[in-house]
Amino acid sequence: MPFRNVFDEALSVWAPIAAAVFFVVSVVLLGAIALNRVKRREKLPFEASKNTPVELGYVVVLGIIVGGLVFGSFLWNSRLHNGVGLAQAQVTTPAARINVTAYRWCWDFNYQAAPVHVTGQCTVGDFPTVVVPAGQPVEFNLTSDDVIHAFWLPDFAVKRDVMPDHVNTLRLVFPHEGRWRGRCSEFCGTHHVTMDFFVRVVSPEQYQQFLHSGGTAV
Amino acid sequence: MTATADRPAPVEPVASPGGEPGSIVGWLASTDHKRIGLLTLGTALVMMVVAGGLALTIRTQLAQPQLHVLTNDRYDQFFTIHGSLMIYMVMTPFAIGMGLYLVPLQIGAPNVAAPRTTMFSFWLYVTGAVVMLSGFFTDSGAADHGWYAYPPLATGRFTPGQGVDLWIVGVALTGLGMLIMAGTVLWTALLKRAPGVTMLRLPVFSWSVVASNLMVIGAFPSLLAAVGILAIGRVRPDLFTHNAWNIGYQDVFWFFGHPVVYVMFFPYVGAIAEVIATFAGRKFFGYKFFVVSQLLFAALSMSVWGHHMFTTGQSSNYYFSLTSIALVIPAGIEYFDLLATLVGGRLRFPTAMLFGLAFIPQFLIGGLTGIMAGTPALDYQIQDSYFLVAHWHYTLAAGSLFGLFAAVYFWFPKATGRMLREGLGKAHFWLWFVGTNLTFLPMFWLGFHGMPRRIPTYLPADGFTTENLISSIGAALLGLGAMVFIVNVAESLGRPRYAGADPWQGHTLEWATSSPPPTFNFSARYPIPPVHSYAPLLDLRREREQVRSAVE
Amino acid sequence: MKLSHGVVGAWAASNLVLALVHLAFRPRPLPFFIYIGGSAVVAGFGLAVLLAMRAGHDGPQRRQPRRASAAVVAALGAAMGLTGFAYGWWLSVLGVYLLGVAAWRVRGERLRPGARPWPVALGDAQPADRPALVYHGSSIGTAVPVPADHPAHGPPPPAPPAPEPSATVRRGILLVLLVSAARAIVNVLKGRR
Chain A
5 MPFRNVFDEA LSVWAPIAAA VFFVVSVVLL GAIALNRVKR REKLPFEASK
55 NTPVELGYVV VLGIIVGGLV FGSFLWNSRL HNGVGLAQAQ VTTPAARINV
105 TAYRWCWDFN YQAAPVHVTG QCTVGDFPTV VVPAGQPVEF NLTSDDVIHA
155 FWLPDFAVKR DVMPDHVNTL RLVFPHEGRW RGRCSEFCGT HHVTMDFFVR
205 VVSPEQYQQF LHSGGTAV
Chain B
23 MTATADRPAP VEPVASPGGE PGSIVGWLAS TDHKRIGLLT LGTALVMMVV
73 AGGLALTIRT QLAQPQLHVL TNDRYDQFFT IHGSLMIYMV MTPFAIGMGL
123 YLVPLQIGAP NVAAPRTTMF SFWLYVTGAV VMLSGFFTDS GAADHGWYAY
173 PPLATGRFTP GQGVDLWIVG VALTGLGMLI MAGTVLWTAL LKRAPGVTML
223 RLPVFSWSVV ASNLMVIGAF PSLLAAVGIL AIGRVRPDLF THNAWNIGYQ
273 DVFWFFGHPV VYVMFFPYVG AIAEVIATFA GRKFFGYKFF VVSQLLFAAL
323 SMSVWGHHMF TTGQSSNYYF SLTSIALVIP AGIEYFDLLA TLVGGRLRFP
373 TAMLFGLAFI PQFLIGGLTG IMAGTPALDY QIQDSYFLVA HWHYTLAAGS
423 LFGLFAAVYF WFPKATGRML REGLGKAHFW LWFVGTNLTF LPMFWLGFHG
473 MPRRIPTYLP ADGFTTENLI SSIGAALLGL GAMVFIVNVA ESLGRPRYAG
523 ADPWQGHTLE WATSSPPPTF NFSARYPIPP VHSYAPLLDL RREREQVRSA
573 VE
Chain C
624 MKLSHGVVGA WAASNLVLAL VHLAFRPRPL PFFIYIGGSA VVAGFGLAVL
674 LAMRAGHDGP QRRQPRRASA AVVAALGAAM GLTGFAYGWW LSVLGVYLLG
724 VAAWRVRGER LRPGARPWPV ALGDAQPADR PALVYHGSSI GTAVPVPADH
774 PAHGPPPPAP PAPEPSATVR RGILLVLLVS AARAIVNVLK GRR
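Residue numbers (the numbering used here), protein chains in the order written: chain A, 5 to 222; chain B, 23 to 574; chain C, 624 to 816.
Hints listed in this document are in silico derivations from the structure and should not be mistaken for laboratory results.
Yeah, the Cβ is synthetic: ideal placement off N, Cα and C, and Gly gets one too.
Any given hint could be a false lead.
To list a few chain B residues with every Cβ distance to chain C over 12 Å, as calculated [to be verified]: (1) Gly-48; (2) Leu-50; (3) Asp-54; (4) Gln-88; (5) Ile-129; (6) Ala-136; (7) Tyr-170; (8) Ala-321; (9) Gly-328; (10) Leu-344; (11) Trp-414; (12) Val-506.
Which bits of chain B does chain C cover? Going by a derived footprint, with three or more residues having C-beta under 8 Å, they are [said to hold, decoys possible]: (13) 114 to 125; (14) 138 to 147; (15) 206 to 214; (16) 238 to 247; (17) 272 to 283; (18) 487 to 493.
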């Protein structure tokens, strides 16, 4: 699950910085309001309308901060291979390559290794459930039959647009067994809201069983 | 406040051939930049009320799980038109219209350059708004493809009906109108300044209009191209079975769509700079740094549009992340200058100042989360989620709208000659301050917990109920605050308390003339004072004080 | 200091630099050329500012139009013309008629050089007095000649008005309009769109 890890790491750097900036600005603002009311001040605290050295120094500080942030952003993005997730070479088991087709308003999952096909109506009780092996890299090849959709797994912090006439690849590892919800997050029309699916993560043995049985036994 | 008492009776002009100057026709076909400006601002405020009504309906539907105030399709129309109105018909025209009203006054010009062309652009804007809204009266309803109208969804194949056609026409008309209006205002600021008003003595607000209108010139042609492509797609939907056209549309659209976000920001931050400098009773701190950073900000914000497309897998994510994060530098300078002005001032707190002060931390939340959205690794999670909804509502509603109201409370006496009521104004402020944060803060959590944007309802099991309820309560406060504002305006116009020429001890040239200003802004009785800096009236006041203390 | 065109030029140039930085990230051609195009539009605007300045069109404008009714009609015509996209081309034809009305109304809107709009407003004008929502506006009025030594005479002599289109061209346009309108009416009557 490269996305979740990178997301958590990036957020754990970003959130404290953002909180610190917000704190500093708020303190300065509230302090100025508390101290500088007309009632309390006879004269202006300072008259100067410019201070070039201070501002230039501040620009340098900002530049350093921006440099750090850009470095972090590039680093994290390269660890996600520009949004793909894992590098091609890291996908060792071709069994877990899945072609995903989105259409209004549901999903088709076709396994490349076996003639297994998962779909549904995306109505209550009939959401498609894609079965994947735990701990092994999984590759999704995303495309759309009609309009632009987006393949979003909120719990894994991963999203990729699903576009017609174009295949977007997504490679990730699901570490634990379990069942998670996926959603369409790019507005696609009337039933956009119910265009959900489930990801069921099973042990590799169960996954092989699932493939051999043609998609029934799990 | 300074109410004007005895002025000599005006010399009544002799009967004018062709109708009363104050008549309806005199307004609707005026060539006075103040009238065209007020028409634009007034229309934008009316559109804001409409868009706010749509938003309140949306929040009603989302207050509890599985409510069905609206059908799915009607809900889609509501959020589409809410977004389209706020962006194309409210924030952008109001920003450009403020420039139209104030820039000629601030630079000492008698009128905007090309006033008839400017009036033409106002009418393009109004008809565009009417055409877009008329979609609600067609059989298929208004457009329901979202405010950025991605094909293929917006083509005739997936969204048939005249609503989308009318949306395209409305956006094209308004986009063209705003392009022309920004052009004439920019031309005025660059070429029609009074003697003594050099570029480096332009007030901060006028500079922010220059920066913002430069972006309009560069970016709005792209909007016209985008809706043109969309119009072709309405006739020939097969065009958008090719990926090149789909991703191409996104590039062309966002090349307009991101700069416009800053068009909806700069004039408001410029207005807040004026408000804060005025009520801090001091010269704005760091003028040159502020001006350069505004221009740099504007240039950079032309180069960041691809961060709307991080998840498409077909955009230069590294480049757009670099430019997006680089925005921290100019934004940081602007914040430094605003705060330094505050720290070095003697502060007064009328309503305009309250809105200006609240802008600072609230927009900061929008900006900081914006840098998160500009980091691809984070954007892969928050793109198209409620986190993003919260983010840009913090920039546009908690930020720019607060700037808009600061500007309204600040310049209303200048434009109408009447004071707004301070008590009602402060009630409006506190309702909005609480309401805005109640409405939009919970949306950050909703986004992190997996609520996609543009969904008409949700299930109890989703766990979104509490946050959505808080958000809807906040929205109700916003509606209440807006009503207080409307009452305030009606009260001030109906039972006027007259404002003098300069009720706030302003800094810039518009406060040197009467309220409202005469036809050509300055006259023998209200001449243009000597201009030696970006705060000429403050200079005059200081000189007078020095003379007085020297005499004593 | 004449910074005006410099501001626009420098701004367009900095956009060009940002666009060129994009090249280092190997962009698809379209985004790159959009950005170049956007910068070029701004540069064109800057060039227009420079030329206007060279031609002496800077400084406060003295010559003013007295009403903008042609602009209103033209905007309505343009709106109707574009709305034809939703309701059929016959509406666009009607829009063209409005544009014709606008062209007819535009004559005489702008005051003669040396004349100023009523009430006399530049230099020695009455300001708006009692603060009220009444403007004694520039929108409607007659032309009053200004004395020769009045400051309202701006330094540069205004350009002569553009020549009218020749009668043949006007007749040709009229003919085209009439034919298309006739076809539109016939089509509407036949129930075709």
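> With a Cβ-Cβ cutoff of 8 Å, does the stretch 138 to 147 of chain B contain at least three residues near chain C?
Replying inline: This one holds; 8 residues, not fewer than the three required, reach chain C with a Cβ under 8 Å.
>> Verify this label for me: Trp-414 of chain B is non-interface relative to chain C, using a Cβ-Cβ cutoff of 12 Å.
In response: holds, 22 Å
>> If we take the beta carbon of Leu-50 of chain B, is the closest beta carbon in chain C still more than 12 Å away?
In response: violated, 6 Å
> Looking at Gln-88 of chain B again, its CB stays over 12 Å from all of chain C?
Replying inline: holds, 35 Å
>> Over 12 Å from every CB of chain C: does Gly-328 of chain B meet that, or does the non-interface label fail?
In response: violated, 7 Å
> Would the least Cβ to Cβ distance between Leu-344 of chain B and chain C come out above 12 Å?
Replying inline: Incorrect as stated: the minimum Cβ-Cβ distance to chain C is 8 Å, not above 12 Å.
> Quick check: the stretch 487 to 493 of chain B, covered by chain C? Criterion 3+ residues, Cβ under 8 Å.
Replying inline: violated (count 0)
>> Using Cβ atoms and 12 Å as the threshold, tell me whether Asp-54 of chain B really stays out of contact range of chain C.
In response: Given that some Cβ of chain C is not farther than 12 Å from that of Asp-54 of chain B, nearest at about 5 Å, it is violated.
> Regarding the assertion that Ala-136 of chain B does not contact chain C, is the least Cβ-Cβ distance greater than 12 Å?
Replying inline: violated, 9 Å
> Holds or violated: is the Cβ of Ile-129 of chain B farther than 12 Å from all Cβ atoms of chain C?
Replying inline: With a cut-off of 12 Å, Ile-129 of chain B comes too close to chain C, as the shortest Cβ separation is near 9 Å.
> For the stretch 114 to 125 of chain B, do three or more residues have a beta carbon lying closer than 8 Å to a beta carbon of chain C?
Replying inline: violated (count 0)
> Per the stated criterion, does the least C-beta distance between Gly-48 of chain B and chain C lie above 12 Å, as a non-interface residue requires?
Replying inline: Answer for Gly-48 of chain B: violated, closest chain C Cβ roughly 5 Å.
The structure is inconsistent with the numbered hints 1, 2, 3, 5, 6, 8, 9, 10, 13 and 18, although it conforms to all the rest.
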